[in-house]
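Undergrad: Read top to bottom, the protein sequences are chains H and S.
In this text, residue positions in the first sequence follow my numbering: the first is 1, and each later residue adds one.
In this text, residue positions in the second sequence follow my numbering: the first is 1, and each later residue adds one.
These are calculated hints, taken from the structure and not from any lab test.
The structure presented is a predicted model; accordingly, all values stated were derived computationally and were not measured.
Virtual Cβ for every residue (Gly too), placed ideally from N, Cα, C.
A few of these clues could be false.
Capping the alpha-carbon separation at 30 Å, the derived lysine-lysine pairs in DSSO-like fashion look like this [said to hold, decoys possible]:
(1) S:K192 to H:K14
(2) S:K230 to S:K121
(3) H:K14 to S:K99
(4) S:K121 to S:K189
(5) H:K14 to S:K189
(6) S:K189 to S:K99
(7) S:K189 to H:K65
(8) H:K14 to H:K65
(9) S:K128 to S:K192
(10) H:K14 to S:K101
(11) S:K101 to H:K65
(12) S:K101 to S:K230
(13) S:K128 to H:K65
(14) S:K192 to S:K99
(15) S:K192 to S:K101
Quick look at which bits of chain S chain H covers, simulated, 3 or more residues with Cβ under 8 Å [said to hold, decoys possible]:
(16) 79 to 87
(17) 93 to 105
(18) 136 to 142
Which residues of chain S face chain H? A few of them, derived with a C-beta cut under 10 Å, are [to be verified]:
(19) P13
(20) F185
(21) Y188
(22) K189
(23) E204
(24) P231
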Amino acid sequence: MSEHIKSEHVMSSKMYYGIWAALMCLTVVTAAVSFVDLGPLNTIVALVIATFKALLVVLFFMHVKYTSEKNDQGGNRIRDFLAFYPAGSQSRGLHDTPPQLAPCACGLTCDILRAALREAIS
Amino acid sequence: MSDSPGAVETQKPELLHHFSSAEQQRDASTFGMWLFLATEIMFFGGMFCAYLIYRYWYYNEFAAGSRSINIWLGTINTAVLICSSLTVALGVRAAQMGKRKLLVTLLLITMVFGVAFLGIKGVEWYQKFEEHHIPGNSFNVDDIIHDYPQIHIDPQHEQIFFSLYFAMTGLHALHMVIGLGIFTFLTYKAWKGVYSPSYYTPVEVGGLYWHFVDIVWIYLFPLLYLIDRKPLR
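So here's chain S without its partners, still in its complex pose (with noise of 0.2 Å):
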C-alpha cells in the first residue's frame, strides 16, 4: 500500500474509495452477486418445491396439461437462451481483453436472443390464451379432458398446473425482462469506453445473472415441457 489515496483514484478512478484494492472490489462485487443469486434460488425454489408437489398429488391432470404445451417452442427457447449465455461469456471475454467494439456487439446480439426468447414465449402464452388454458373465469379444458378419455382429469386440478405453469414461466420472463433492462444499462457503458480490462466487473456480474436466469430455464424446460411427453396409460 505505498500509493497514496489520491494517487489510487486518479489512476483508477473506478475503485471505491472504501475498497483497499481494485482486485478486493471486484471479488466483494463477485461475491455479493453469488450471495443474491443463492436467495434467487430460494426464491424460485418455492415455485419448483409447489410444482414437485402438486404434480406428486395430480399426476393425471399434470401429465396432461404438459403434453398441451408446444415442446418445438420449448426447444426452440432453451436453444435461444443458450447461444444467449454463449454470447455472454464471449461478451465477458471481450472486455477482459479490452475489445470495446466487439464488447458492444455481443452484449447487443445478447439482448436480441433475449427479446426472442420473450417474443417466442409471447406466441406460447397467446396459444393458451386461445385455447382457453389460462386460469380464471374462462378457465375451459373440455379439449384436454376430450384428448385423454383413458385417464380421469378433475379441470380444478388442471387449473393448479397452468397457474403453475404460467407463474414459473411468468416469473422467469419477468427475470428476462430485468436482464434485458440491466444489458441496456452495459451496453451504454460500454460503447462510452467505461470497461478495461483493469475494470469489467459489472458486466462479469450482469453475465453471472444472466447465465442464472439461463439456468432457471434449463429446469423449467424439462420439468413443465418433457418428463411427461411419454405415451399416459
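Looking at chain H on its own, in the form it has when it is part of the complex (with noise of 0.2 Å):
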C-alpha cells in the first residue's frame, strides 16, 4: 500500500464561484418569471430550473462529476448508485450491478402520482 493517500480532485476555486454566479442568477430568473402569466407552464418553468439549480448543487458542490474520475472502484459505485450516468460505464469488471438510486425514485414517484391522479379523478 503506498503511502500517499490519492487526495480527492481539488477543483479551482474560481469553478465554485461560477456555479454560485449561476445558481444566484437563476433564483432570480425564477423568481421573476413567476409573475409573468404562462399558464399552465409557469408550474413546469419553475420546477424545471429547480431542478437545473439541484443538479448544478450535486454534480459539482457535491463533486458526484469527479467523485469517480481519481477513484477506481468505491467512486464509481456511488455514482453508478445514483446512476446520474450510465451504470457501469466505467466499472465494468465489478461483478455485481449496483442499484440505481434515480430511475427507482422516479419510477416510484411517477407510480405514486399516477395513482393519486386516477383516484382524484375517480
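Using the supplied hints, reconstruct the complex from the two chains, each of which is provided in its own coordinate frame.
TA: See the structure below:
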C-alpha cells in the first residue's frame, strides 16, 4: 500500500464561484418569471429551473461529477448508485450491478402520482 | 498491505481498525452519507407528495395561500442558502488543501448564513402569526378571502395549505438547526487541527448534508412561493 493517500479531485475556486453565480442568476430568473402568466407552464418552468439548480449543486458542490474520476472503484459505486451516468460505464469488471437510485426514485414517484391522479379523477 | 497494523495506527490515528485503508474508510463514510440522504429524500418526499395532491384538489386555496406568503423574503433566503453552499464547497476545498484557518473561517461564515436563514424564516413565521394564518383555534383567513373575491375559498382547505407550509418549512428549518450543530462540531475540530489533506471526511460528509438541505429548499421555494404567483382568474 502506498504511503501517499490519493486526495480527492480539488476543483479550482473559480469553478465554485461560477456555479454560485449561475445559481444566483437562476434564482432571480425563476422569481421574476413567476410573475409572468404562462398558464400551466409556470409550474413546469419553475420546477425545471429548480431541477437544473439542484443538478448544479449535486454535480459540482457535492462532487458527484468528479467522484469517480480519480478512484477506480469506490467512487464509481457511489456514482452508479445515484446513476446520473449510465451504470457501469467506468466500472466494468465489478460482478454486481449496483442498485440505481435515480431510476428507482423516478419510477416510484411516477407510480405514486399516477395513483393519486387516478384517485382524484374518479 | 506491507504495513503492520501498529505502524498504520501511528501514522494515521484517524484510520479505524476495521478499515484496511484510509481510502476505503472515506468511501464507506461517503457512501453511508449518500444512503442517509436517500432516506431523507423519502422523508421529505412524503410531504412533497401530500403537497402536490392537496394542491391538485384545492387549487384555489393553495394559489391564494401561496400568494399570501412573502416572495421577497423567500427569494432572499434562497440566495442566503446558495451563498452558504458556496462557503461549504470552498470550505471542503480548504480542507483538501490543508488550510486550517481558511477552513475555520469558511465554516463560521456558513453558520452565519445558516443563522441568517433561520432569522429571516422567523420573520416570515412571525408575520403569519400576526395575520392569524397559523393553523389552530385562532386561524382566520378572512383577509385572504377578501383579497380574492373572484374565487371560492374554503377556510378549512386554506388551513391545509398553511399546515403543509409550516410542516415543510418547519421540517426544513429543523434540518438547518441540526446542520448548525454539525457545523459547530466541525468548526471545533477544524480549529483543533484534526483535519488534513489526508483526512477531511467529516468536513466532506457534513458538507454533503448541508448541500442536501439546500437542495430541499431549492424545491420548496418554487412550490410554496412561486408557482401560483401569476394573476388569479
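Undergrad: State for each hint whether it applies.
TA: A quick look at each hint next to the structure:
1. S:K192 to H:K14: holds (28 Å)
2. S:K230 to S:K121: holds (23 Å)
3. H:K14 to S:K99: holds (17 Å)
4. S:K121 to S:K189: holds (29 Å)
5. H:K14 to S:K189: holds (27 Å)
6. S:K189 to S:K99: holds (13 Å)
7. S:K189 to H:K65: Distance of about 28 Å is within 30 Å: holds.
8. H:K14 to H:K65: Satisfied, since the Cα-Cα distance of roughly 16 Å is no more than 30 Å.
9. S:K128 to S:K192: Violated, at about 43 Å.
10. H:K14 to S:K101: Distance of about 20 Å is within 30 Å: holds.
11. S:K101 to H:K65: holds (28 Å)
12. S:K101 to S:K230: violated (47 Å)
13. S:K128 to H:K65: violated (41 Å)
14. S:K192 to S:K99: holds (13 Å)
15. S:K192 to S:K101: holds (10 Å)
16. 79 to 87: With 5 residues close enough to chain H, the hint holds.
17. 93 to 105: holds (count 3)
18. 136 to 142: violated (count 0)
19. P13: It is violated, given that the least Cβ distance between P13 of chain S and chain H is near 14 Å, above 10 Å.
20. F185: violated (20 Å)
21. Y188: violated (23 Å)
22. K189: Hint on K189 of chain S: violated, closest Cβ of chain H at ~18 Å, above 10 Å.
23. E204: holds (7 Å)
24. P231: holds (6 Å)
Against the hints set out earlier in the document, violations occur for numbers 9, 12, 13, 18, 19, 20, 21, 22.
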